Each structure stands twice: as C-alpha cells, then as structure tokens.
Amino acid sequence: MKMNADYFKLIPFDQVFNEVHVPGYNPIVNIENFWKKYDINSSRDHIVAMFLGDVDDPEGIMEKPDKRYLEDYSLDLFRALVAYYLAHKYKMSMEELEIPLLTTKKLTEEEVKLRQSNHALFGKKD
67 MKMNADYFKL
77 IPFDQVFNEV
87 HVPGYNPIVN
97 IENFWKKYDI
107 NSSRDHIVAM
117 FLGDVDDPEG
127 IMEKPDKRYL
137 EDYSLDLFRA
147 LVAYYLAHKY
157 KMSMEELEIP
167 LLTTKKLTEE
177 EVKLRQSNHA
187 LFGKKD
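Per the working numbering, the sequence shown starts with residue 67, numbered consecutively.
No lab work stands behind these hints: they were computed from the structure.
Just to be clear, a hint being listed does not mean it is correct.
List of simulated lysine-lysine pairs, DSSO-like, C-alpha gap at most 30 Å [unchecked claim]:
{"#": "1", "residue 1": "Lys157", "residue 2": "Lys133"}
{"#": "2", "residue 1": "Lys155", "residue 2": "Lys179"}
{"#": "3", "residue 1": "Lys179", "residue 2": "Lys102"}
{"#": "4", "residue 1": "Lys179", "residue 2": "Lys157"}
{"#": "5", "residue 1": "Lys75", "residue 2": "Lys133"}
{"#": "6", "residue 1": "Lys155", "residue 2": "Lys102"}
{"#": "7", "residue 1": "Lys103", "residue 2": "Lys179"}
{"#": "8", "residue 1": "Lys157", "residue 2": "Lys102"}
{"#": "9", "residue 1": "Lys103", "residue 2": "Lys157"}
{"#": "10", "residue 1": "Lys75", "residue 2": "Lys155"}
{"#": "11", "residue 1": "Lys103", "residue 2": "Lys155"}
{"#": "12", "residue 1": "Lys103", "residue 2": "Lys133"}
Between beta-carbon pairs, the in silico distance windows are [stated by the list, open to error]:
{"#": "13", "residue 1": "Gly90", "residue 2": "Thr174", "range": "19 to 27 Å"}
{"#": "14", "residue 1": "Leu118", "residue 2": "Pro89", "range": "34 to 42 Å"}
{"#": "15", "residue 1": "Lys157", "residue 2": "His87", "range": "18 to 26 Å"}
None of the values given here were measured: they were computed from a predicted structure.
In this text, a Cβ means the ideal position worked out from N, Cα and C, and glycines have one as well.
With the hints as extra help, turn the sequences into a complete structure.
Take a look at the structure:
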C-alpha cells in the first residue's frame, strides 16, 4: 500500500489525540502554554495568513510568518483547541488559568480606523 506523502504531514495532528491519554496530561497546562507562546494579535495574523495564503500587506501591518512557522502554529492551535474541549467537557475550572497580557504593540490611528470601518461594514447586524 502506497501512502500519499501529504498524509505524513497530518500525523502530528493525530498524535495530539494520543497525548491526552498520557498519564499526567493536563489540558489547562496546554492552554497556558499556547497563550505564553502566542498572543491574540499574532494568533489573528497567523490565522489570516493561513486563510489568505500569501497576504498582500504593503503597509507591513501584519506579521509575515514563514510556512514552517504556520505549520507549527496550526498544530499548537489544534492542541489548544483539544485542551479547551477537554477542559469544558470535564468542567475543569479555568479561573486560575494564567494567560499573559497582550504585547504592548500600539495600533496606529490608521489601523484603528480600518478596524472600525470594517466593523461598521461587516459587523454583526441585528
């Protein structure tokens, strides 16, 4: 039986499900580790980059991670998603969850206006 080479890229995602059965696995630790490594702004940029592919960003607003970095990020994000699912399923308290504050990157006035206009155009309508 011949395996498609792309299948091997998916093996780490399958292994995430095996990690949860290792003695001492704690979903809260995985959630904390994710937020220590990525903040919400870089997470948004990574998800947008994965969604759009090669992002045209002449203003240099978005971080431009390389393909390998995005692959690592997507695996870390999946690991955090599984951890959040398990924490919710088993009703684990997340009150003591330590999530670092956002980095101190200031939004430019142009970025704020762009986000406000995007929200006005595409935001939730009642």
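These are the hints, each one checked on the structure:
no., hint, result
1, Lys157 / Lys133, "36 Å, violated"
2, Lys155 / Lys179, "39 Å, violated"
3, Lys179 / Lys102, "29 Å, holds"
4, Lys179 / Lys157, "40 Å, violated"
5, Lys75 / Lys133, "13 Å, holds"
6, Lys155 / Lys102, "23 Å, holds"
7, Lys103 / Lys179, "28 Å, holds"
8, Lys157 / Lys102, "23 Å, holds"
9, Lys103 / Lys157, "25 Å, holds"
10, Lys75 / Lys155, "28 Å, holds"
11, Lys103 / Lys155, "24 Å, holds"
12, Lys103 / Lys133, "17 Å, holds"
13, Gly90 / Thr174: 19 to 27 Å, "45 Å, violated"
14, Leu118 / Pro89: 34 to 42 Å, "41 Å, holds"
15, Lys157 / His87: 18 to 26 Å, "19 Å, holds"
Taken one by one, the earlier hints fail for this structure at numbers 1, 2, 4, 13, listed in ascending order.
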